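Colleague: With this note's numbering as the guide, the letters of the sequence shown map in order to residues 1 to 255.
Read the hints as simulated data drawn from the structure, not as lab findings. All values derive from a computational prediction rather than experimental measurement. Backbone N, C-alpha and C define an ideal beta-carbon position, used for all residues, glycine too. One thing to keep in mind: the hints can contain errors.
Straight-line distance between alpha carbons at most 30 Å, and here's what the computed BS3-like set of lysine-lysine pairs gives [what the hints assert, rightly or not]:
1) K7 - K254
2) K27 - K233
3) K70 - K27
4) K233 - K70
5) K254 - K27
6) K70 - K7
7) K254 - K233
What follows is a set of in silico ranges between Cβ atoms, one per label pair, in the way DEER data are often shown [claimed, not checked]:
8) M187 - E221: 40 to 50 Å
9) R170 - T212: 27 to 37 Å
10) R77 - P119: 21 to 31 Å
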Amino acid sequence: MANYYSKGFAAFFDSSYTGWVDRFSPKLAEHLAQTAGDDLTAADICCGTGVTAAHFLERGWTLYGVDGSKAMLDLARTRHTGRIEEGRFCVIQADARSFDLPTTVAACVSLDGALNHLPSLDDLRRCFTAVATALAPAGEFVFDLYEQSHFLHWNHATLTDSPEAVVVKRGVWDTGSRSGMLRVSGMFNAGDRAQRVDQTLTSWHYDTTDVTEALHAAGLEPLPHDFGGIDLKCDSGSCSRTDVPCRTIYRARKI
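Full structure from sequences and hints, please.
Modeller: What follows is the structure, given as structure tokens:
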């Protein structure tokens, strides 16, 4: 997948773009604990730097963190060295469409629009099929996908200019093709040195019909949930200043 995050962008992402995940993950861990019972095992697909993992691990879960980016996983390893040594956190460098776990798990999660990077419905189905294979019978999968309202700010250049970072974001979003690209470049304070950020991201929008059909094709049953309100809001762009939800949260169960 072309959107694997580079070393510079992974560090910048970890310092700047994990607020929503940090807020939502405790609620998600508590919800899944109610359905998992005594089997507190999960996989975080596109786990990034391990922010979601931190909240699950604090609550007694054993976790697999799957990501295609070595740079993201390196930061996750550093964040959770102790848990890795305890055998409660295992990182796996693999694509979201073709990962394998050593055992089945009670739950899978994927947060913050990570699956919007998948470039086609076929890729989304492949990811969901891999998730279904990883889940134990009746296991749950909770994930979110960004709506087009989130991506509209890609049509405008934005500048972060602070003592910690000078970073420019500029791109384009095409509502007709439901796809776009964003270029992120600049410098930020990485502790003892300045670090370069240089990343191009591409994303696609999938509506509820697309997602529901892909879940059914993979053997996953969509389920209702109580997530809403602030859970659907993102931190960046114009979405954070309006009432328009910028994401949809999905819940499904292995049939």
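Colleague: Failing hints, ascending?
Modeller: Going through the list in order, the structure violates hint 1 alone and respects the others.
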